[in-house]
Each structure stands twice: as structure tokens, then as C-alpha cells.
Amino acid sequence: MRKVLTTGLLAGSVLFVLSYGGLYLAVKFFPWIFVEYNNPLFNSDGSRDLLFYLHAFIFSLALSWFWERFKSLFHGSFLIRGAEFGLVYGVVSLLPVMWITFSAMDITPFMVSSWFIYGLAQAIVAGLVFAKTNP
Amino acid sequence: MLILLSAFVEQPSGGSSIRWVISHGGSLKVVGSTNVNNFSCSIMNYSRPDTLSVYRTSNNVRMTGNVQLDVEDFDCHNLVMTADLRKTLKAKQHPRLGIKFLNLNKFPGANQQNVKGMVIIELAGVARQFEVNYTIVPGERQTITLTGSRDIKFSDFNIVPPRKLGGMIQTNDELKVEFKLRLKALD
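Here the protein sequences line up with chains A and B, keeping their order. First residue of the first sequence: -19, per our numbering; consecutive thereafter. First residue of the second sequence: 14, per our numbering; consecutive thereafter.
In case anyone wonders, no lab produced these hints; they're calculated from the structure. There could be a bad hint or two in this list.
[Claimed, not checked] DSBU-like cross-link-like pairs, simulated, lysine-lysine; straight-line CA separation at most 30 Å:
#1 B:K113 to B:K42
#2 A:K8 to B:K100
#3 B:K42 to A:K8
#4 B:K193 to B:K103
#5 A:K8 to B:K189
#6 A:K51 to A:K112
#7 B:K166 to B:K193
#8 B:K166 to A:K8
#9 B:K113 to B:K193
#10 B:K42 to B:K193
#11 B:K129 to B:K197
#12 B:K193 to B:K105
[To be verified] Chain A is nowhere near these chain B residues, computed Cβ spacing over 10 Å in every case:
#13 R75
#14 V139
#15 D169
What you are looking at is a predicted structure, and each value in this text was computed from that prediction instead of being measured. All C-beta atoms in this analysis are idealised placements derived from N, C-alpha and C, irrespective of residue type, glycine included.
Put together the whole structure using the sequences plus the hints.
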């Protein structure tokens, strides 16, 4: 359990820097991608900012537990294991969630695709951290 | 007592007054920006037949009348941005945007001129007084086009500019407001 928490927090820290750093740079250099976010679907009063920034840790702690339970199923180098873990998460969890999100909410294919790729990249990074630190 | 008080109320000095009725074709535009784009939203074809009056008093040029616009009529030429602006301006709780005219710094003449004047803008349930720059352009058949513009801030009206994705996308506080009224002089 301790290992789950420590590797989860470590992966959360890595994802925090990469995810929000990447998002900041993307907003700065590719602002046109984010024009669609001027949309009342998205919280606009700042009341959920803390929840938004905690996402990296919620995500990593959940995946850390998942890794601990199923890591024996992933074989090969840490790169292969981490990438496969991320892909499994992407197909099993992310794809259905994005599917139902797109079917129910007034968002564009581009927006939902970007969320899928973003989540998949996060899961692969988290998988690499787990494969390296908790093999 | 009422008679005594009324003696201190400014009255038109006689002869120097104009009354206009607002004709079809007025508009109001707000232009703003976020850190990812600019937006321009407008209410077109305002035509509620209100009356504006301008009259010279002993020490200034007073103006009376007001316009009331429906915030739901804003169109940002993009459905989601339109919905976002209406939400930001609290259209459900405060459906009207009002401009009340107070005075001008000079009496409108027969030629095109730039004047300044005070107005009270009421938005999202908050009223604030501003100085507005006007351009008055006389037209045919005793008509004029009155264009007023002013830079305001969301925060002037206690509105927090929208921010998305944890503040990564932020709307700037400044807004430029421009309204255009087509007025016809009443005989």
C-alpha cells in the first residue's frame, strides 16, 4: 500500500509538471486550439481550480493501484510495459468515457479527440513511472 | 414645501431643446479579448421607440431618456460564445442592459461633431456612471446618428471575467462598448 501511495504521488508530481506545463505552453503557442473552451459547459468562476489541478494526483493514485494489481500481466522492458499499460487504460477506460461524453455533450470531435490523446499520453507517462519505480 | 423645492430644480431655458425618437437600426457592440482570441458581440436593430431629449439649462446641456436592451439578444456570431457571454452577464437574473443619458458637454449643432457626455450604464444589476465619447452625424430629414463609445471593465459591474481550465484561459477585464442610435427629431 505504501508503494502504491509513493509511486502514485511521484507519478502525480511528474504528470503535474508535464500536463499543466504542456497545457500552458499549448495555450501560449497554439491559442486557436482553445477557442472552443469559451463555452458555458466549462466552469468559469474559478471555484473548481483546485480540483482541476488535483487531477494529476487523483489520476496517478488510481492508476498506481491499478498497476499494483495487474503489473504482472505486463512484460518486457520498462518502456514496453509502461506504454502497454497506458494503452490498456486508454482502450478500457478512456475510450468509452470519451465516447459517452461526446454523445451527450455539445463538444466537437476535435475537442474530444484532444482529451483522448491527452489522457492517453498521461497514462503512458504514469505507466513508465510505475514500471521504473515499482516493477 | 413641494413648490419651494421645485424652485431649485433646473428647467429648460427655452428654445434650446431637441427631442428625438429612436428609429429602427440602432445597435450595441461589445469588443473584448481572452488570452486565446478576441470576441465581438452585438445587439443589432434596436428599435424600441424611446425618446431622448436634450436641452440647454443655465449651466450645462442636459439629456434625458434611456435605452433598455435585452442581454439575450447579444450575438457573438458563434453559438457557444454567445451562450458564454449571456451567462457571464447574468442574463437570467438581470435580463436588461440599460443606458441612461444624463448630459452633454455641448449642445448638438447642425454639423457633424464630437461631444462628450455622462451616462449611467446598468449591467448585471449594477449601475455605474461613465463619460462617453459621442459622434453626432446629421442625416437627411431631421435624422442623426448618435454613436457613443467607452472602454469599461467587467469588474466595474462586479462581474468576474470568465476563466477556464484552472485559469489557463482567461478573459481580459477590459471591454469596449459602442452603441449607435438612429434618431429622428420630433417636431
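Status of each hint after checking the structure:
This hinted pair checks out: K113 (chain B) and K42 (chain B) have alpha carbons roughly 17 Å apart, not beyond 30 Å. Taking the CA atoms of K8 (chain A) and K100 (chain B), the gap is near 26 Å; set against the 30 Å cutoff, the hint holds. For a cut-off of 30 Å, the pair hint linking K42 (chain B) to K8 (chain A) stands: about 28 Å separates their Cα positions. Simply put, K193 (chain B) and K103 (chain B) have alpha-carbon atoms about 23 Å apart, close enough for the 30 Å limit, and the pair holds.
Restraint check for K8 (chain A) and K189 (chain B): satisfied, since their Cα atoms lie roughly 24 Å apart, inside the 30 Å limit. Note on K51 (chain A) and K112 (chain A): the hinted pairing holds, with a Cα-Cα distance of about 12 Å set against a maximum of 30 Å. The straight-line distance between the Cα atoms of K166 (chain B) and K193 (chain B) is roughly 20 Å, inside the 30 Å bound, and the hint therefore holds. Between the alpha carbons of K166 (chain B) and K8 (chain A) the distance comes to roughly 24 Å, so the proposed pair stays at or under 30 Å and holds.
A threshold of 30 Å between alpha carbons decides the hint, and for K113 (chain B) with K193 (chain B) the separation of about 14 Å falls inside it, so the pair holds. Between K42 (chain B) and K193 (chain B) the alpha-carbon distance is near 9 Å, which keeps this suggested pair within the 30 Å criterion. Straight-line distance between C-alpha atoms of K129 (chain B) and K197 (chain B) comes to about 20 Å, which keeps the hinted pair within the 30 Å bound. Distance hint between K193 (chain B) and K105 (chain B) is fulfilled; the C-alpha atoms sit about 25 Å from each other, no more than 30 Å.
No Cβ of chain A approaches the Cβ of R75 (chain B) within 10 Å, the least distance being about 40 Å, so the stated non-interface status holds. With a cut of 10 Å on Cβ distances, V139 (chain B) stays outside the contact zone with chain A, its closest approach being about 17 Å. Listed as outside the interface, D169 (chain B) is consistent with that label: its C-beta sits roughly 18 Å from the nearest C-beta of chain A, beyond the 10 Å cut-off.
Violated hints: none; the structure is consistent with every hint.
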